[in-house]
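Assemble the complex: chain Z is given as a structure, and chain D must be docked to it using the hints.
Protein chains: 2
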Amino acid sequence: MIFPPLEKGGWGDFLTSVNIVIAGFGRVGQAFARVVAEKRKYCRDRYGLDLVLRAALKSDGGILCSESLPLESVIDGTSGGLRGSVLWRPGLRFADVASAMATEPGVLVECTPSDLRTGEPGLTHMALALQNGWHVAAASKGALVVKYRDLMNVAAGQGVRLMASGAAAAALPTLDVGVGSLAGAQVLGIEGILNGTTNFILTRMEEGVTYAEALTEAQSRGIAEPDPTMDVDGWDTAAKLVIIGNAVIGAAFRLDEVAVSGIRDIATHLVPKAAEAGKALRLMGKCAKEDGTHPWKLEVGLALLDADHPLFGVRGTTKGVTFYTDTMGPVTVIGGRSDPRGTGAALLKDIIAIYAGSSRPQN
Amino acid sequence: MIFPPLEKGGWGDFLTSVNIVIAGFGRVGQAFARVVAEKRKYCRDRYGLDLVLRAALKSDGGILCSESLPLESVIDGTSGGLRGSVLWRPGLRFADVASAMATEPGVLVECTPSDLRTGEPGLTHMALALQNGWHVAAASKGALVVKYRDLMNVAAGQGVRLMASGAAAAALPTLDVGVGSLAGAQVLGIEGILNGTTNFILTRMEEGVTYAEALTEAQSRGIAEPDPTMDVDGWDTAAKLVIIGNAVIGAAFRLDEVAVSGIRDIATHLVPKAAEAGKALRLMGKCAKEDGTHPWKLEVGLALLDADHPLFGVRGTTKGVTFYTDTMGPVTVIGGRSDPRGTGAALLKDIIAIYAGSSRPQN
Chain Z
1206 MIFPPLEKGG WGDFLTSVNI VIAGFGRVGQ AFARVVAEKR KYCRDRYGLD LVLRAALKSD
1266 GGILCSESLP LESVIDGTSG GLRGSVLWRP GLRFADVASA MATEPGVLVE CTPSDLRTGE
1326 PGLTHMALAL QNGWHVAAAS KGALVVKYRD LMNVAAGQGV RLMASGAAAA ALPTLDVGVG
1386 SLAGAQVLGI EGILNGTTNF ILTRMEEGVT YAEALTEAQS RGIAEPDPTM DVDGWDTAAK
1446 LVIIGNAVIG AAFRLDEVAV SGIRDIATHL VPKAAEAGKA LRLMGKCAKE DGTHPWKLEV
1506 GLALLDADHP LFGVRGTTKG VTFYTDTMGP VTVIGGRSDP RGTGAALLKD IIAIYAGSSR
1566 PQN
Chain D
1206 MIFPPLEKGG WGDFLTSVNI VIAGFGRVGQ AFARVVAEKR KYCRDRYGLD LVLRAALKSD
1266 GGILCSESLP LESVIDGTSG GLRGSVLWRP GLRFADVASA MATEPGVLVE CTPSDLRTGE
1326 PGLTHMALAL QNGWHVAAAS KGALVVKYRD LMNVAAGQGV RLMASGAAAA ALPTLDVGVG
1386 SLAGAQVLGI EGILNGTTNF ILTRMEEGVT YAEALTEAQS RGIAEPDPTM DVDGWDTAAK
1446 LVIIGNAVIG AAFRLDEVAV SGIRDIATHL VPKAAEAGKA LRLMGKCAKE DGTHPWKLEV
1506 GLALLDADHP LFGVRGTTKG VTFYTDTMGP VTVIGGRSDP RGTGAALLKD IIAIYAGSSR
1566 PQN
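Top to bottom, those sequences are chains Z and D.
The working numbering numbers the first residue of the first sequence as 1206 and each following residue consecutively.
The working numbering numbers the first residue of the second sequence as 1206 and each following residue consecutively.
Excised from the complex, chain Z in its bound form (with noise of 0.2 Å):
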């Protein structure tokens, strides 16, 4: 650091306020107020960014604050807490504080369950938030499934951006590299390693466990959840090879266009047989084209990897990506927590490139 650090009050005229909106407050939306916390000051030293908290909303309530709100009384204890809070009012939407901060608006940070087929209750609200000026940074996938051109098409429209990491694999940053990276080049082909849980039922079935079992184990240490079925399915996959490629390629692909198959009736000794025979069975995504008059062929699916492909290695909850390219040949990246602080660590390097003017700080 090159400067002393910022503090408001002092070198704090220089701060760009960023007001905040949470919309969902579970895992995802507390992981994320938590990092905001722990973050707080390293944003106002390196990036001259004053994170403001202004609300945090439920799906049958919320609170909204006119100061900035302390962190720490939201965040400590669980979601149970936010409803314990003096500030909690029942009924509160998204609405009703896009409406009370119509002079100031900021970013809404999306959080809420998703539904693949309609995108609500997200698509209200970040359909409402663009209309109005602010930016969105989506964990929510649904939305960005099921109208993601629409929505990229509105904010281009109101100056203001839509951004997606939190929603295509968090903190494995698949659209910074897709997208930002691999600017000028064009993209022939994405393969993907997009969903932890399967890729670490199938790195457990490796080592001789059943499929039921290795669910099991899942679950019990959180990776899975209770209903497993969007993930061992391919669905989550899916979505996020949806939203990458959409970013990616600059397409509208829709959900219903990928023939989509997942692990659930996979044969116990097919993953041991082929770790035996040094490949490695993984749940892929592949959006790629046959050859150069095809169309784009959306799947997800069991894969045999060999060893010498640079998903090979990628085991347990870690997830990857390659980008097959003209220019800049084969791009692979690796890695990115795998769980709600990672998600938390998306959406604020997402906020990060909106108000920073860039995704690359100039330092």
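None of these hints come from the bench; they were simulated from the model.
Honestly, I wouldn't trust all of these hints.
Output of the computed footprint for chain D on chain Z, the stretches with three or more beta carbons under 8 Å from beta carbons of chain D [as the list claims (entries may be wrong)]:
1. 1240–1247
2. 1533–1542
3. 1546–1554
Reference listing, derived: stretches of chain Z covered by chain D, where coverage requires no fewer than 3 residues with Cβ under 8 Å from a Cβ of chain D [said to hold, decoys possible]:
4. 1379–1390
5. 1515–1525
With a straight-line Cα cutoff of 30 Å, these simulated DSBU-like cross-link-like pairs (lysine-lysine) come out [claimed, not checked]:
6. Z:LYS1484 / D:LYS1352
7. Z:LYS1246 / D:LYS1352
8. Z:LYS1478 / Z:LYS1352
9. Z:LYS1484 / D:LYS1484
10. Z:LYS1352 / Z:LYS1494
Because the structure is a prediction, the values reported are computed rather than measured.
Glycine included, every Cβ here is placed at the ideal spot set by N, Cα and C.
Frame of chain Z; chain D shown alone:
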């Protein structure tokens, strides 16, 4: 694509003109010019940028155009073709170009050969450019190793950008990921296989070839320079490590702080012996703290990687880097063409980031 292609004279009014001057017209400068020629229409259509190559400079002269230079006339044939052009002006320097274009600055693409001790001739070019309101996209490492922080401060003071992807492992997006994708996270350590030549040699040695044989093979395939000192003694890796460290950590590391050793004296049998033991011997650059109280320690040397190391599978001329962070866990990026064309594509990527307002264009 949702909009029809932008063409000059029609939608062309909405295009942003980008004046480009190339300093250093060897393999990298020429490869960049070729990528620009290939990608001109794509950059208009997708990013709204009209790339105009205004000048190309060699050490003893160059070409300066008042109108758009037909790229094809410059990039056909060898650099002798530049000197053979009717537009060739002996003795033309960047200072002359900057003076002639004082009212219409653009971006300097710095591709001159680097002197890692003095930073010249790139340092003079880059300082002059930034002071005169030009953006800079650099492939030359020297100036960045010698004066990174000072140059960044000049750029910030002038409101222009200094981009260094081309000097920091080129098509491997080290800076995009380290600075942009990890924004808000604290980087706790950096490890990279940053030099394609030494990695090629070590990979070949795994297969039983001697160091001398592998080096000769690399030279005959155009991978290694006739004088391979910078690569095999670790200085190329060290220079990239200093640039990446300074950008990502916000430090002011100097090359003489790096403990550098290379691969020249390696015993032939060690490499296959490591491979037989299921490990990989690789030349790595590392930037780490031993604990919170120690200052950063930078070193370049041989490292023995276990099979579960994220860079274990990085073979041949491929490069890779892993960033260890607090909130995002480890993030690894691997690949990107390791040749002049990859560097040219990285320079174009940085220009798009400068002029499209963000390194992540809104699509």
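These are the hints, each one checked on the structure:
1. 1240–1247: Our answer is that it holds, as 4 residues pass the Cβ test (under 8 Å) against chain D, meeting three.
2. 1533–1542: The restraint on the segment 1533–1542 of chain Z holds, since 10 of its residues have a Cβ under 8 Å from chain D and three suffice.
3. 1546–1554: holds (count 7)
4. 1379–1390: holds (count 10)
5. 1515–1525: holds (count 4)
6. Z:LYS1484 / D:LYS1352: violated (47 Å)
7. Z:LYS1246 / D:LYS1352: This hinted pair holds, its Cα atoms lying about 28 Å apart.
8. Z:LYS1478 / Z:LYS1352: violated (41 Å)
9. Z:LYS1484 / D:LYS1484: Holds, at roughly 18 Å.
10. Z:LYS1352 / Z:LYS1494: holds (23 Å)
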